Amino acid sequence: MIGKHLSQALDGPRDRIALVYGEKKFSFGELAERAEALRNRWRELAGRRVGVAIHRPDAFIPAVTALDGLGAHAFLVGQRNDTEIDELKGDFGWYRVLREADVDATPLGEASGAPPIGETVGMVTLLTSGTTGKPKAANHYWSSLGAPVRYDDRFRDKRWLCAYSFHLYAGTQVFLQALISWAALVVPPELEPRRIARLLHEAGVTHASGTPTLFRQILLFGAKDDLARCSLEQITLGGEAVPQPLLDELTRVLPQTRLVHIYGSSEMGRLFVVTDRQEGFPARFLEDSPEPNVELKIVDGELWARSRVNAMIGYDGQKNVSDVDEGWFATGDLVERVGERVLWRGRRSDMINVGGRKVMPGPVERVLRAVPGVADVRVYAKRSSIVGQLVAADIVLAKGAVEADVRAAIARAAETELVEHARPRIVNIVGELRRSEAFKVLRREES
Amino acid sequence: MPATDQIAQKVIAVITETLHAKGKTDTDVSLDSPVDRRLGLDSLDWATVVVRLEEETGVDPFQEGLSRELNTIADLVELYAAAAG
Numbered sequence: 001m002i003g004k005h006l007s008q009a010l011d012g013p014r015d016r017i018a019l020v021y022g023e024k025k026f027s028f029g030e031l032a033e034r035a036e037a038l039r040n041r042w043r044e045l046a047g048r049r050v051g052v053a054i055h056r057p058d059a060f061i062p063a064v065t066a067l068d069g070l071g072a073h074a075f076l077v078g079q080r081n082d083t084e085i086d087e088l089k090g091d092f093g094w095y096r097v098l099r100e101a102d103v104d105a106t107p108l109g110e111a112s113g114a115p116p117i118g119e120t121v122g123m124v125t126l127l128t129s130g131t132t133g134k135p136k137a138a139n140h141y142w143s144s145l146g147a148p149v150r151y152d153d154r155f156r157d158k159r160w161l162c163a164y165s166f167h168l169y170a171g172t173q174v175f176l177q178a179l180i181s182w183a184a185l186v187v188p189p190e191l192e193p194r195r196i197a198r199l200l201h202e203a204g205v206t207h208a209s210g211t212p213t214l215f216r217q218i219l220l221f222g223a224k225d226d227l228a229r230c231s232l233e234q235i236t237l238g239g240e241a242v243p244q245p246l247l248d249e250l251t252r253v254l255p256q257t258r259l260v261h262i263y264g265s266s267e268m269g270r271l272f273v274v275t276d277r278q279e280g281f282p283a284r285f286l287e288d289s290p291e292p293n294v295e296l297k298i299v300d301g302e303l304w305a306r307s308r309v310n311a312m313i314g315y316d317g318q319k320n321v322s323d324v325d326e327g328w329f330a331t332g333d334l335v336e337r338v339g340e341r342v343l344w345r346g347r348r349s350d351m352i353n354v355g356g357r358k359v360m361p362g363p364v365e366r367v368l369r370a371v372p373g374v375a376d377v378r379v380y381a382k383r384s385s386i387v388g389q390l391v392a393a394d395i396v397l398a399k400g401a402v403e404a405d406v407r408a409a410i411a412r413a414a415e416t417e418l419v420e421h422a423r424p425r426i427v428n429i430v431g432e433l434r435r436s437e438a439f440k441v442l443r444r445e446e447s
Numbered sequence: 448m449p450a451t452d453q454i455a456q457k458v459i460a461v462i463t464e465t466l467h468a469k470g471k472t473d474t475d476v477s478l479d480s481p482v483d484r485r486l487g488l489d490s491l492d493w494a495t496v497v498v499r500l501e502e503e504t505g506v507d508p509f510q511e512g513l514s515r516e517l518n519t520i521a522d523l524v525e526l527y528a529a530a531a532g
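So the sequences go chain by chain: A and B. Numbering of the first sequence is given in this note's numbering, commencing with residue 1 and proceeding in unit increments. Numbering of the second sequence is given in this note's numbering, commencing with residue 448 and proceeding in unit increments.
Think of the hints as simulated: they come from the structure by calculation, not from any bench. Remember, predicted model here, so these are calculated numbers, not experimental data. Take every hint as true, because none was put in to throw you off.
Taking lysine-lysine and the DSBU-like style, the derived pairs with C-alpha atoms no more than 30 Å apart in a straight line are:
id : chain 1 : residue 1 : chain 2 : residue 2
1  : A       : Lys-358   : B       : Lys-471
2  : A       : Lys-440   : A       : Lys-399
3  : A       : Lys-399   : B       : Lys-469
4  : A       : Lys-297   : A       : Lys-319
5  : A       : Lys-25    : A       : Lys-4
6  : A       : Lys-25    : A       : Lys-158
7  : A       : Lys-89    : A       : Lys-4
8  : A       : Lys-358   : B       : Lys-469
9  : A       : Lys-134   : A       : Lys-358
Just the calculated beta-carbon pair ranges, DEER-fashion:
id : chain 1 : residue 1 : chain 2 : residue 2 : range
10 : A       : Glu-417   : B       : Gln-510   : 28 to 34 Å
11 : B       : Gln-510   : A       : Ser-231   : 52 to 58 Å
12 : B       : Lys-471   : A       : Ser-231   : 56 to 62 Å
13 : B       : Ala-468   : A       : Asp-276   : 38 to 44 Å
Glycine included, each C-beta is placed from N, C-alpha and C at the ideal position.
This is chain A alone, in the form it adopts within the complex:
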């Protein structure tokens, strides 16, 4: 699917800019020629299971399109060290692991003689992050992964900033949307908020995708002047719950910019989109989902979903998702219906267990974030030999805030607004919050 699509660039929009990465620009023609050369060099990979440990976008795009053209099964590895990659190779039975050096070592001149793109459908697998043990491998076809993506002539002249790595579900969506529409992808070489704020303005980004954590960092630390001068038509948020204060601040700083929250996962694909600038999602989605072939329900406070189009085929080596629980899938996201709205309450795995009493980080973070002098906050479990876990908080101080004053204010707010076991017992003042490679706040237990 993507292999065939990109090869059309050679006869069509070959000079259109496909990718802006740092100081470099790549046309669709250049990427297509690189993909052809790789398809020629990698012909032995036809139909094979292959690990793709490639992160540089100008190498990733030709690599995955070449593999799709060969009907290979690409496992997107992400940021892992060599030891982890070797383990995964054994666990998943990969024929080979491809790296940037494999792409860079292929001269463009090898494009001639490339085998024709077969009719075999290429598969792609997303490895979930998982907190312990072997990651789960969510198998997709490129066609099903790209099912939510629509070609629209209006997107051709747009510039899509993708702040997700391409091995993540959200990253694949932005990459596919830009590719299908012959639009330009802008990929920041590093997720540094100030640089991204500048890039949004200098690269003429019209559509920016990233996590709420990233955009909060951009608002906190990026130059507001750069943001105000952007031509941003749309910000797409995903990967985490989107809090109301962030939506309000983005609206204030960028009043003309459409705000979109996409909820989905590696397993279920895109489940729904929220555009009303309110946190959570409308309760009516439970009865009447706006996304075709998607159904939602709440079971014991957890959101379950069934998707007939965008979902994975199944976990690698396991039954198809449609054959388990009649296709219903527990998302791991805890929710609460409040009137006509369903609000996010955190990941089940983030729950803090204080001597048997459960605390979700989200509501605690909301209380602390409202304390004057607090710029940002991360609430997580701290291991305790006495009660199992305690609530801990890392605090980033606002500019000019006095630590002692903020600590006192936090203590007062906690006493007034939180039950005793939910009050953070360990409060650390930090320069920045710990984040995952996907630029999500990390809330795993710490010892």
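Once you've looked at the hints, dock chain B against the given chain A.
Same frame as chain A, now just chain B:
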């Protein structure tokens, strides 16, 4: 300063800070102070003290459970001193 004295200072300091954080600023903490509810700390407070002391001393003598009775802060200091080697 002998190691046990240093540990005693840290234990008393952390317990005093924890009491102050609860608004109990007039409690005099010494090695003779009891470690039961008379001191004014509940189970969550003690859990906090243990985490803080692990940060200060590098040890948590409660990880494997507790095999001896603790009556006073001096007993607690002895426990930490033994764990710290």
